[in-house]
Amino acid sequence: DTGVSQDPRHKITKRGQNVTFRCDPISEHNRLYWYRQTLGQGPEFLTYFQNEAQLEKSRLLSDRFSAERPKGSFSTLEIQRTEQGDSAMYLCASSLGTVGPNYGYTFGSGTRLTVV
Amino acid sequence: GQQVMQIPQYQHVQEGEDFTTYCNSSTTLSNIQWYKQRPGGHPVFLIQLVKSGEVKKQKRLTFQFGEAKKNSSLHITATQTTDVGTYFCAGNSGGSNYKLTFGKGTLLTVNP
Chain G
1 DTGVSQDPRH KITKRGQNVT FRCDPISEHN RLYWYRQTLG QGPEFLTYFQ
51 NEAQLEKSRL LSDRFSAERP KGSFSTLEIQ RTEQGDSAMY LCASSLGTVG
101 PNYGYTFGSG TRLTVV
Chain W
1001 GQQVMQIPQY QHVQEGEDFT TYCNSSTTLS NIQWYKQRPG GHPVFLIQLV
1051 KSGEVKKQKR LTFQFGEAKK NSSLHITATQ TTDVGTYFCA GNSGGSNYKL
1101 TFGKGTLLTV NP
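Residue numbers (my numbering), protein chains in the order written: chain G, 1 to 116; chain W, 1001 to 1112.
Think of the hints as simulated: they come from the structure by calculation, not from any bench.
From the three backbone atoms N, C-alpha and C, an ideal C-beta is built for every residue, glycine too.
Treat the hints with care, as some may be off.
Output of the computed footprint for chain W on chain G, the stretches with three or more beta carbons under 8 Å from beta carbons of chain W [claimed, not checked]: (1) 33-41; (2) 44-58; (3) 108-115.
Just chain W, same shape as in the assembly:
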């Protein structure tokens, strides 16, 4: 079955430093989504990428979808304490069920 892998598992940064998490799928994806889960909370949708090579920005967050549609990355510029949480990528391999396969996530902690 489809597998989605994320690295690193944990990342601790000083406030103001940049952060990147990487996501790789064992199969070609139809689209990929990113979610953020605050400690004690539930996953919250950030964005969906659909096109090969697509780059999307949301303020300090930059999302990329690889040319082969098998990998993706999330980059945060100048982290803030409000960025703390676990970032998950989730891949959809196509079909009408829109089922997502989630990675294990990257837990980001930010030292003020």
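Pulled out of the complex, with its shape left as it was, chain G reads as follows:
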């Protein structure tokens, strides 16, 4: 296992188009998170899965955003009718969900979305 993979790395889209991002977590990790990061800011929580169940969704996430994790493996994040304000780095992370000095999130390299 080489870590958390995200695809694509970059996406440029026209305003109003739909985009979908994919995340493949570390296989032993049952928890998967999506975060969004803009320049000069820390990652901002979007949504969380435990196995295939989406257990929490940020109030900041509009109805244009939807995420799935079929069969508790990979996850997809879809943004419909993109707006310029959606331009950001979308980060996926996975974790074991265990408290301890060595148990943190493993982030993927992210998908950088630019809406023009």
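Once you've looked at the hints, dock chain W against the given chain G.
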């Protein structure tokens, strides 16, 4: 909702100088984690602190968790150019979701 604040926002040092970043949470935390993000990269996990008053060291990095579990600090001794990046603290307020709330980070630049 929970807020995590970090200061300073930026810190520029000469190589060999020490560096400290401070993190404060609006609520008591179950645990706190620290991440490093190199320019153009993604956050990389450094450590998780769980116990009140805990101090952990990783080579030149020293991490502390406050007695009240609402604040934390990261201290780097004798900075090197490889320490350049943004350091984020991230708090977990408990519960089974292990959701982290990140601070805005401290960008460290090191002049060789």
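Has the stretch 108-115 of chain G got at least three residues whose CB is nearer than 8 Å to a CB belonging to chain W? holds (count 3)
Given coverage of the stretch 44-58 of chain G by chain W, checked by CB-CB distance under 8 Å (3 or more): Per the Cβ count (6), the hint holds.
Using a Cβ cutoff of 8 Å, are there at least 3 residues of the stretch 33-41 of chain G near chain W, or does the coverage claim fail? With 4 residues closer than 8 Å to chain W, the stretch 33-41 of chain G meets the three-residue bar; holds.
Violation of the numbered hints given earlier is absent; every hint is satisfied by the structure.
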